[in-house]
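*Asks:* The primary structure of each chain is shown beneath.
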Amino acid sequence: MKTNDVILQFTAKIVFFMIFFYAVHIFFAGHYTPGGGFVGGLVTASAIVLLIIAFDIKTVQSIIPINYIYLVAVGLIIAGATAAFSMFMGKPFFTHYFDYFYLPLLGKTSLHTAALFDLGVYLVVVGVTMTIIQTIGEDE
Amino acid sequence: MEILMAFVCGFLFMAAIYLILSRSLLRIIIGTGLLSHGAHLLILTMGSFKGSAPPVLSEGVTDYVDPVPQALILTAIVISFGVTAFFLVLAYRAYQELKTDDMTLMKGSEDHE
Amino acid sequence: MFQVLCIFIPILAALFMPFFFKKVRSIHTGWFVLIVPLFLVTFYATFVPLISKGETVIAQLDWIPSLGISFVSYLDGLSLLFSLLISGIGALVVLYSIYYLDRTVEQLHNFYIYLLMFMTAMLGVVQSDNMITLYLFWELTSISSFLLIGYWFNRDKSRFGALKSTIITVGGGMLMLGGFVLLSIMGETFSIRELIEQAPELATNDTFVIALILILLGAFTKSAQFPFYIWLPDAMEAPTPVSAYLHSATMVKAGIYLVARFTPIFALSEVWVWLVAGIGLLTLFWGSFFAVKQTDLKGILAFSTVSQLGLIMSLLGVSAIAYHVNGAQDTVFKYAAFAAIFHLINHATFKGSLFMIAGIVDHETGTRDIRKLGGLMGLMPISFTVALIGSFSMAGLPPFNGFLSKEMFLTAMLSVAEFDLFNFTTWGVLFPIIAWIASVFTFIYSFYFVFRTFTGKIKLEALPKKPHEAPVGMLISPVILASLVIAIFFIPNVIADTFVKPAVVAIQPFLYTNPEQVDIHVSAWHGFTPELFMTLGIIVVGLVLFMILAKWQKIYDAFPAKLTLNNLYDFIVYEFSDKWMNRLSKTYMTGSIRGYLSYMFTGIAIIVIGTLFIKDGFKVSFLGASPIRPSQVLLILVLVIGTITTVFAKSRITSIVALGAVGYTVSLFFVMFNAPDLALTQLVIETISVALFLLAFYHLPKFRKAEERTRFRFGRAFVSIAVGVMVTLVALSAHSQKYIESIAQYYKDTVYTLAGGGNIVNVILVDYRGFDTLFEITVLAIAGMAIYGMIKLRMSKKGGKL
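Chains as they are written, first to last, in UniProt numbering: chain A, 1 to 140; chain B, 1 to 113; chain C, 1 to 802.
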């Protein structure tokens with residue numbers, strides 16, 4: 001059965017970017033306002049799911065050629081490494097550091113190792129969610 | 001409100017357990033979903049709903065709600081998603097291999113040694 | 001430091017053995033293994049001059065300092081002697097195994113890994129001064145013994161033997177651990193040396209005797225004493241190098257070592273003297289008596305090992321008497337400890353060579369059944385000579401080392417009759433008598449072993465293989481041991497001064513302070529003493545009985561087969577636990593998960609509700625509750641309806657959608673209760689979950705119309721109502737009484753200053769409680785991986801090999 005889903009596909013393309021940038025926003029905003037790695041990751045995943053619904057898994061896989069299992073691994077490594085970093089500085093495991101910087105365009109910005117850890121969380125969540133959905137979807 | 005929510009949580013647990021004890025695999029999975037909803041609400045209820053502002057720092061606000069249960073629940077939500085997905089796949093793989101979703105038929109045979 | 005490391009050298013070397021086995025196939029892996037014991041024996045030999053002067057060397061490596069647990073390498077006369085035995089015999093056994101195990105057929109890497117693991121374990125047992133690590137190594141010897149006995153794991157008897165030995169020795173080890181713990185509570189230390197120093201005070205404790213018995217049980221099970229010896233004959237299913245190494249020369253002597261090591265602590269107790277000496281003597285007699293019944297070559301040797309271990313054990317028991325006699329170093333009581341150690345060395349040499357000969361006979365003829373063997377003397381002259389030397393030494397004949405230690409054994413046993421404490425005046429006289437009878441049987445089985453195999457008529461047709469002399473490499477080790485057997489006879493005092501006396505000092509530190517004070521001179525001839533006449537009697541009676549063996553061997557058949565200890569073991573392990581206990585557990589372990597879940601949920605509900613009321617924890621208070629708003633009531637209604645729909649929906653899709661509705665309602669609750677993060681997460685999760693359910697929908701089974709029998713429905717309803725009531729009660733009580741302030745205030749105060757964040761929930765997740773989150777994403781990753789595995793791996797299997 002061939003259905004005409006041009007409208008869906010067209011909308012999905014635009015909405016995908018909107019959701020994705022929203023996800024990036026709430027990921028970075030998470031330290032001060034609601035959001036964070038978990039939600040950011042889940043929203044990103046749901047954006048990709050939207051694409052999958054509009055097109056199909058194979059197409060999406062060729063558009064975003066990421067092996068999500070690697071993404072999980074990278075995320076775990078980032079999170080673990082961030083936590084372990086402080087050990088090399090003679091501090092207990094999981095000591096975070098932060099400071100404020102003045103960056104061009106952005107103004108006063110706080111840079112935080114916790115954000116790096118959150119990035120790990122983000123990657124793991126995206127990776128796992130997409131792995132699950134992809135493997136189930138691909139299974140005949 | 002807390003009193004009322006206590007009963008709601010109890011009700012959710014009751015429904016969840018009832019489903020979990022059924023024979024059909026899918027019902028069991030749905031039961032675990034309900035169970036996690038109940039647990040999340042229970043944690044929140046036990047922490048009480050005192051406070052008028054969400055636990056996000058803002059000017060001039062001191063009356064925040066308790067952030068600890070929220071942090072616990074946030075972890076629990078994501079984990080329960082992972083678990084649900086795992087159960088789901090486990091269930092349908094079991095169904096594919098065993099051609100049944102009846103728990104009473106799935107139990108190990110008597111003389112496996 | 002390096003000294004402690006040496007204990008671990010074998011197990012570290014074991015890591016490389018699979019590599020050598022896989023990559024260097026043309027060279028037998030054993031040659032690489034051989035380096036390890038050779039190095040160790042040289043290393044420990046460098047300590048000999050120091051230790052034989054009575055010095056001790058100690059090195060320590062902390063493991064868990066807060067609990068006082070550390071790896072200690074404590075070398076004194078006793079542990080050095082054992083270390084040399086372990087590495088020395090180890091080297092010979094490895095050399096022998098190179099020719100015994102075919103490199104093209106056997107899984108050599110497995111074999112040598114187990115063997116090296118055992119070497120580490122055994123060195124650890126004899127050198128540890130810390131009781132906890134001693135126990136650790138002790139159990140490791142049991143484990144490696146299990147693996148080695150079961151090396152040919154496709155044989156039923158191997159598995160049976162491996163299991164039996166493990167059940168008995170590990171069981172004993174557990175009891176021993178109990179003894180150690182009791183001792184450490186009494187003495188407030190795990191160090192054996194420190195315990196020895198406070199031995200007199202320890203003896204006044206109430207639990208002293210309990211600790212003593214527990215530790216003895218550990219030693220007795222390991223050293224195959226009556227009635228625990230039954231595992232040793234079955235352990236003979238192991239490859240012969242293993243039998244020679246573990247089950248005669250080293251591991252079974254761990255119990256001996258333990259008794260020797262703890263003698264200074266426990267010797268003050270009457271129970272110790274009676275138990276060690278009595279059980280030892282009983283084992284000595286029992287083992288030698290039943291050795292004559294065996295028809296398997298290794299079976300004879302196994303029972304003879306049991307008997308010889310009993311001999312050493314009884315000597316150690318008698319040596320404890322010296323603590324109860326004034327000026328024991330000048331009396332006849334001084335001989336026992338010396339004889340024990342001396343015989344231990346001798347036993348290792350002659351029994352090791354005999355095991356290797358048994359292995360050679362098995363290897364060359366294809367059978368170990370003594371009824372099929374005979375007349376091999378002409379075909380295997382070297383093996384025959386070695387066997388003759390070993391057997392004569394075992395029988396206690398000159399000019400072999402066994403003669404010397406047997407004489408001393410008789411001296412020690414005769415001395416018991418002179419002891420006048422602990423009722424020994426009445427029973428002590430039995431000691432020399434039993435010892436004499438056991439020696440007669442020892443003589444008989446020694447002759448039985450060697451002459452039935454090598455003399456008489458050859459039965460070529462009964463043998464699976466055509467026999468011929470073993471290859472030279474296989475003969476090296478037994479020949480070395482046999483020459484030691486003779487050498488020790490001629491230079492006994494060199495051995496005594498270097499090895500035996502330092503060890504005696506370790507066993508009897510209250511009598512001697514250095515080895516030179518041990519005033520014992522070994523000589524083959526010491527006049528017409530009672531010992532000499534006893535030996536003559538043994539030879540005469542033994543020879544006569546051996547000649548007419550066929551006439552009286554039938555008496556063994558008179559013993560009822562049902563009343564043996566083996567039957568008791570089989571009954572306990574197979575009849576009792578396997579059948580009866582299984583039947584009992586099957587009554588409630590139905591295999592139905594629903595049943596189990598019902599038990600659990602009911603149990604939880606009963607326990608929690610019960611506790612609430614018994615402890616008077618249930619309380620309802622409306623104080624401090626937040627007001628109920630109409631919108632909330634509406635939400636609750638939606639939630640309840642959604643839940644009911646989920647439960648009673650007839651079709652899958654309704655159920656799934658209703659579950660989604662419940663989820664969205666929950667996220668609205670989060671909005672209402674000021675939890676924006678939760679609301680956001682729940683919303684997205686719910687969306688993805690529903691998508692997931694629908695994706696999997698195609699694969700999922702339909703609901704069946706006829707669901708359940710009504711009776712079970714009531715059961716289900718009852719259990720679920722109970723849990724629901726429990727949750728409600730807990731939630732109400734939790735709300736109504738708060739004893740502890742929430743930790744939240746700390747977070748609220750410090751979130752900006754310490755963590756530099758504004759969203760408290762998120763900061764808790766990534767900073768304050770980052771550990772939780774780290775493990776949470778790990779769990780999530782595992783779940784993802786498991787799902788991936790469940791689906792993908794099966795596909796590749798279908799497309800690939802299957």
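These are calculated hints, taken from the structure and not from any lab test.
All values reported here derive from a predicted model rather than from experimental measurement.
Just so it is clear, CB atoms sit at the ideal spot from N, CA and C, and this is done for glycine as well.
Any given hint could be a false lead.
Computed spacing ranges between beta-carbons, pair by pair [claimed, not checked]: (1) B/Gln96 x C/Gly473: 56 to 62 Å; (2) C/Ser626 x A/Met87: 42 to 48 Å; (3) C/Met600 x B/Gln96: 26 to 32 Å; (4) C/Ser621 x A/Tyr102: 51 to 57 Å.
*Asks:* I'd like to know which numbered hints this structure contradicts. Please list them from smallest to largest.
*Replies:* none
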